[in-house]
Each structure stands twice: as structure tokens, then as C-alpha cells.
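S.K.: Build out the structure end to end from the sequences listed, making use of the hints.
Chains as they are written, first to last, in my numbering: chain A, 557 to 669; chain B, 211 to 321.
Computed from the model, here is a short list of chain B residues facing chain A with C-beta under 7 Å:
1. GLY252
2. LEU253
3. LEU300
4. GLY309
5. PHE312
6. GLY313
7. SER314
8. GLY315
Residues of chain A placed beyond 12 Å of chain B at every Cβ, according to the derived structure:
9. SER613
10. PRO637
11. VAL640
12. SER666
13. ILE668
In silico BS3-like cross-links for lysine-lysine, where the CA-CA straight-line distance does not exceed 30 Å:
14. B:LYS281 to B:LYS223
15. B:LYS267 to B:LYS213
16. B:LYS280 to B:LYS267
17. B:LYS228 to B:LYS213
18. B:LYS267 to A:LYS661
19. B:LYS263 to B:LYS280
20. A:LYS607 to A:LYS661
21. B:LYS265 to B:LYS228
22. A:LYS607 to B:LYS213
23. B:LYS223 to A:LYS661
24. B:LYS280 to B:LYS265
25. B:LYS281 to B:LYS213
26. B:LYS267 to A:LYS664
27. A:LYS626 to B:LYS267
28. B:LYS265 to B:LYS281
29. B:LYS280 to B:LYS223
30. B:LYS263 to B:LYS213
31. B:LYS223 to B:LYS265
32. A:LYS626 to A:LYS607
33. B:LYS265 to A:LYS661
34. B:LYS223 to B:LYS213
35. B:LYS213 to A:LYS661
36. B:LYS267 to B:LYS228
37. B:LYS213 to A:LYS664
I should point out that these hints are in silico values taken from the structure, not numbers from a laboratory.
This structure is a prediction, so every number in the text was calculated from the model and none was measured.
Cβ coordinates follow ideal geometry from the N, Cα and C atoms, glycine included.
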Amino acid sequence: GQQLNQSPQSMFIQEGEDVSMNCTSSSIFNTWLWYKQDPGEGPVLLIALYKAGELTSNGRLTAQFGITRKDSFLNISASIPSDVGIYFCAGHPFGAGSYQLTFGKGTKLSVIP
Amino acid sequence: DVKVTQSSRYLVKRTGEKVFLECVQDMDHENMFWYRQDPGLGLRLIYFSYDVKMKEKGDIPEGYSVSREKKERFSLILESASTNQTSMYLCASSNRGNGYTFGSGTRLTVV
Chain A
557 GQQLNQSPQS MFIQEGEDVS MNCTSSSIFN TWLWYKQDPG EGPVLLIALY KAGELTSNGR
617 LTAQFGITRK DSFLNISASI PSDVGIYFCA GHPFGAGSYQ LTFGKGTKLS VIP
Chain B
211 DVKVTQSSRY LVKRTGEKVF LECVQDMDHE NMFWYRQDPG LGLRLIYFSY DVKMKEKGDI
271 PEGYSVSREK KERFSLILES ASTNQTSMYL CASSNRGNGY TFGSGTRLTV V
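M.R.: Structural data, given as C-alpha cells:
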């Protein structure tokens, strides 16, 4: 099936630092979504992007839908301990069934107080 | 608050047992999904359903079956549990073209 390459796989950062992670694909996506999974819980939707070039913020989080429609990034500013978790990118591939998402393998974020 | 509810947070079952994982959503969503999550492997799709009584195999359906008799309920069945099915199981639901809402997960251990 479709593949999403998410990087980095893991990161250790100091509290207060900014964080950046991204997702790339060899094919075009119609929608990009970013989820966060707290330890022991299910993923929760953070940001949804629907148009190429779209830049959307949710508090300290900012995400962009790449202009080529093949990539997206998520930035977290001024990280805090509760940012710890796994961040997943996901998207609806162009031409695929609109009900099925493709997921990246996740970026595991650790924040050192 | 809209929800996807998984019946158990933790389960311990013996090898060879038949295991039922239940998922209920209250959002009148058409689509429901079962994933398993293992370290380093991300989310892998087991089965999904886009309508009552309809089901489609995902990427790793072997050893699993599903049932969707009502729109709000999607059950995952392990016919004969094995130790390699020890994992975190996540249920999700969605409407066409929208993101998924996930449940809190069931951590299954098969001994």
C-alpha cells in the first residue's frame, strides 16, 4: 500500500526548545492530518490540512500542507513536559478510497525538564 | 463529547482462547477500523468496515475476523489467540473524507 516516511523516528529535547518533524510521500495526498498519542492512550487529532500550501496553527503547534502535496511538517514551539508522546502524520492518498487513511510510523518525542 | 469506546483497557488471555474486542462509537459514523500497534511498526490496519455487515481486509487480517451487525458497533475476533497477537489494539471511526476518531486502546496479552 501507500507509504508515508515520517522523520525523525525519535527525538530527545530540552524543555523550552522548538521541535520540527515531517512526513513525505512519493505520491500525492488530498489531506494531511497530524495526531498525538499520549502513553497508554489512543491517538488524538491535532491538526487537519485540506489544501496545498495551507498553514494552520493550534496553540503552540503549527502544521503545513506542502505545495507539492507530497509532504507536510509539524512544528511545536516552546516544548513542555506534556508534549511527550508519539506524533503521527496521516493522509488521504489522491485517488484512493476517501475513507481510508495512510499513517506514518510516528515520531516519539521525549522532553527533558 | 463524541466518543469511540473500547470495552476493555487491558486483557490477559490464554493461547488458543477465542477473544472478542468490542468497539462502540456514538457519532453515527459510517466507517470503522481496527488497527494493531507494535513498537517500531506503527499502526497496521487489520480490518475495516464502511457499512453495516460490510467488511474489508486490511494489511494484516490473518488470524482475525470482524463483525459489524449494527452501525455503532465493530467487533474484532481472535479465533484462537496466539502469543504473537500480544499487542495494543486500536479502534477508530470516521465519516467519508474526514479524520479518524480513535478509542483509548486495548492492551492484549496472550500467555
